[in-house]
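Assemble the whole structure, with the sequences as input and the hints as a guide.
The listed protein sequences correspond, in order, to chains D and B. For reference, each letter of the first sequence is one residue, going 1 to 647 in this note's numbering. For reference, each letter of the second sequence is one residue, going 1 to 647 in this note's numbering.
One thing to keep in mind: the hints can contain errors.
Claimed, not checked - Listed next, the in silico BS3-like pairs over lysine-lysine satisfying Cα-Cα at most 30 Å (straight line):
#, chain 1, residue 1, chain 2, residue 2
1, D, K260, B, K166
2, B, K595, D, K166
3, D, K595, B, K166
4, B, K166, B, K208
5, D, K166, D, K208
6, D, K166, B, K260
Source of the hints: derived by calculation from the structure; they are not laboratory data.
Protein chains: 2
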Amino acid sequence: MTTKHLVQFVNAGSVLVPTGTPVITAARLAGVEISQPCGGQGRCGRCLVRALDGRLQQRLTPRLLPSDIVAGYALACHSSIVEPVTILVPPQQEIAQRLVTERVAPEISVLEHYDASQCQPVRLFNLTLSPPSIDDQTDDWGRLQMGLSQVLDRDLFQVSLPVLRKLGNVLRQSAWRVTALVETDTWDRPSGPARVVDVYPGHVAPDKMLLGAAIDIGTTTVTLWLVDLRCGRVVSQAADYNGQIARGEDVISRIIYASKGDGARELRALVLNTIHGLLRTACQAISAQPADIVKATITGNTTMMHLLLEIPPASIRLEPFIPAVNHPSTLRAAELGLDIHPDATVDCLPGVASYVGADITAGVLAANLNRQDTVTLFMDIGTNGELVLGNREWLVSCACSAGPAFEGAGVVCGMRATQGAIEEVWIDGDSYEPTYRTIGGGAPRGLCGSGLIALLAELFVAGVIDKSGNIRLELPTERVRVGPHGPEYVVAWASETQHGCDIVLTHVDVDNLLRAKAAIYAGFTVLAESVGVPLDAVQQVFIGGAFGKYINLEKAIQIGLLPDLPLQSFRFLGNTSVQGACLALLDRAARQSIKEIASSIVYLELSANNAFYDAFTSALFLPHTDLSRFPTVQAAMAERTNHVHHW
Amino acid sequence: MTTKHLVQFVNAGSVLVPTGTPVITAARLAGVEISQPCGGQGRCGRCLVRALDGRLQQRLTPRLLPSDIVAGYALACHSSIVEPVTILVPPQQEIAQRLVTERVAPEISVLEHYDASQCQPVRLFNLTLSPPSIDDQTDDWGRLQMGLSQVLDRDLFQVSLPVLRKLGNVLRQSAWRVTALVETDTWDRPSGPARVVDVYPGHVAPDKMLLGAAIDIGTTTVTLWLVDLRCGRVVSQAADYNGQIARGEDVISRIIYASKGDGARELRALVLNTIHGLLRTACQAISAQPADIVKATITGNTTMMHLLLEIPPASIRLEPFIPAVNHPSTLRAAELGLDIHPDATVDCLPGVASYVGADITAGVLAANLNRQDTVTLFMDIGTNGELVLGNREWLVSCACSAGPAFEGAGVVCGMRATQGAIEEVWIDGDSYEPTYRTIGGGAPRGLCGSGLIALLAELFVAGVIDKSGNIRLELPTERVRVGPHGPEYVVAWASETQHGCDIVLTHVDVDNLLRAKAAIYAGFTVLAESVGVPLDAVQQVFIGGAFGKYINLEKAIQIGLLPDLPLQSFRFLGNTSVQGACLALLDRAARQSIKEIASSIVYLELSANNAFYDAFTSALFLPHTDLSRFPTVQAAMAERTNHVHHW
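Structure (structure tokens):
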């Protein structure tokens, strides 16, 4: 005899159901409507519920974070009743918001063990100095240094003109009780003098926040984290499109723009403008001022760093593809034109090569790739696709020229991952009818990267396109047709969309996406071959980049973008670039580490690499010419063939 | 029987005279007119002659430099015939020019042993780099560093944004043959990374000049020396009045001006303007550009340094007289607004206290005071009077608030040492009539410092003023009278002067001069007492400052400004401040040395010192209350009393 449990839905009915009843079934019995865009496959996350009282039994799903599960969240399609429980069905709006919020607030597990006493690069010291007299004629700056050397184990100090200019007044107005802001450590002065960055009248409270900024300049998105340097906590965040987008969507077009007339200066102004907007936003949220920020680290791909510093990037795109600089010297904010404390140190993180930049070394640092025992693949798929393969003993990298297809560029109805972008798609294997989810939940405007991957995978698995990417026009559905760009599949009819036009995926789009995924898979293949590691020796895949975080894993494997490994082998790390910048901002050891990473990564330039072209050609199929590399996809296709009469 | 020698005067007659005949007598016998303004005392230098062929026997005179004597120069009144000789009597104009030129071109004996290979702080390296390729992907900056580390024993390098911005183009345009300008050593990065200051296409000739600037900012005069850093040679010089003079003649009035409204910014702009004018002038003379100057050291008194850096100087004049900074950190030229190479390092030399500044530590360095075995007095009498007493074991210093009387300020007919200033005076003990010499040789406009000293001494020795400084109006000469300012002595009648007014010295002027000389002598007394050294243990006096160089020693002793020591105990060192700046510019050891000097000098603040006031009061007489301190003056006075009937 099966035990029955009382299930109470908040603000709705209740029902008594036996152990093992799916939550979705219990809801239906209780008269509660829960939407299921993906048909109960646990993939869309839209049937999110929350157990307020009691526990639900869950199957593993990549849609939920461990912290969500601890908080009682579950997917109604992937959980069941095992005890009496009260269930909240959040309104759709709240679910959408949760998912949107997640996009800008990744977890920062990497900072768990931050020890400020060991690491803190900039510190405040409350000093009470003895006043000068006829018998004690030490100058103001000398007096401040004497005070500091009593609380800090240093005897060499540096100071800037602006501080010297205010010092005398600050000391006298505050009756020789002052606070000194001191930078004890920068990486190009390993044993150099400490630097007095500022001096304030009176003593500050010991819990006064001390702000640092970690900035990731992506080709598309600029991300800012404000960190309290005393404890390593991220206290505010902001992200926005890189203002340079209007002058070119990818690095190559920006390099070309920078080479003409006043282009370089304009691009620098545009990205600084974006950063300044983020600084204001992030500071406002915590009632601070950008001038309160006393240290910054900046990361980004090599082109973005050149453009920020207005260093001519022309050689980056011309064979042999050499950047002017992989690791600029430490700068002052005023020198760079960055509107934080003018005397704050700005560290630009070190990159490896023209197409494996500081964003990737920061990612390797944040992912701890250089500390792994097993061979691990680190991928950062943004506007470009960069890969690093390695472990604690070696690291090898390449850039895949994947192009921005996965960011929606070069695709007729492609768009970036904003409001109205279709981010997930399911296709019924019988009717070929799609169900989709948009960012923000409203009517669709186009397809973003994760939507494109999902669509491609679903079209392939449903048999709408074949393994070469050809659209099967003979299928009995209006969704396939020949449009102005050739064969296409209609994802959304004009009547459903924001702009009143059909949203389609054309054969040309499919070709572009195949080339992009083939480039990434070929990069992975060549990296492994270059170090003589068999592909199946790679046991872990770390995926960085805001984009990576929203990939549907199974579908990315189905199209052959990711290797066919068990789902638990994949870890989505979020924006590893800004995480790495944050670590380097806080921690001397991390700064040392990222320098070692940058100098130890072996870079493979693929543009003249024949093995890469061979691997690329083999990967231009769904999922791959060599189907044995994708056993689970092979199995799924076999299953589908057995079940679907018109396959 | 006495041997006779043939004396041939160039372009004039010849004469046969016995051994021991004074040159002046031989000239008169040969019908050659030689002017003797001082009456043959060897003091004015105007009877300069030159032995072209053969040798003259000379008595020692402070008017001639050793190099002059070697070159055959002699004073006709102080030399005699000992062998056949050809004598040139230079035209008066040439003599005047020689004396004027000397004013801006002191000797630099201190640089004799410069070893560029050991010291040179900034160096040019010709590099031929291997071009990058697909297989050698090192970035441009990394490649430059690799090239440098092969010729320079360093592996850490820094670089500025402007260099990074030009690097790629320079490397490619010159086919990877470039010259790097590298600063290997600055004093606040003793073990820090070398800094690439600039990079140029192609290779430079090994004899290319590498310019450094040593700048002395005096309250009155700014002096610039351009030095070739490769060999330590001074290649160009310029000096001009400090443009701040119009905003106050002494440091106190400038401090007050700086404290009001935009005064500080204005004063900074004025002195920078003066410096920039000097840079242009000095560069033009050697067909160089100010931007070619790749390193600078700046010295000056503490107020001048504050004003240059626009650091508020207010506390310098308020008890307890504390400067904001004695030793500012190393700056870049662009930061300071100095129009040389924008990335050049600018070192401001370290001072000791508000009134013993970097000009004095530089002077101590140049004078080698800190290496002397015997106790030595170093004096720098400019707008203020600073003294340092010491030897290799200790150094003690004070500032005497002498005021600018010896620069002509606070004296009715006083003026600075320019064209038309009376710089030397002789007074006939019988007629009380004066003879004088002006700078440039033309009609007089006023009295400069050395003229005032000479006048005071002559008036005293001739008995026109008594030991208290009172003018003896009862004397039978129209030169003494009561003018609008009280009793006065007329040095030049209106008919002789440039401006058509009498040039006089009033009783008030005499009082001011007495106070100035008394302050300096009292400072010396107190310094000696403070370390328990008897006055007569001081065996050497080094006199720095452009002013010091033109003092007539005997006369300065006669008025009690200098201690009564044998003439050979005095050494005129010229502008020791700029000499010290030059040493610190060139030589790492000198930079270390001047830091040690600044930190080891013990400073005595005299403003609250009772012993100083006692010593000052005793010194308010000519030459001093205690005449036994001035035995030669005592003897001269006795002699005069015996010979002059109306004494």
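Now the hints, each set against the structure:
1. D:K260 to B:K166: Roughly 16 Å separates the two Cα atoms, so the pair holds.
2. B:K595 to D:K166: Judged against 30 Å, a Cα distance of about 24 Å means the pair holds.
3. D:K595 to B:K166: This hinted pair holds, its Cα atoms lying about 25 Å apart.
4. B:K166 to B:K208: holds, 22 Å
5. D:K166 to D:K208: holds, 22 Å
6. D:K166 to B:K260: Given pair K166 of chain D, K260 of chain B holds - Cα atoms ~16 Å apart, limit 30 Å.
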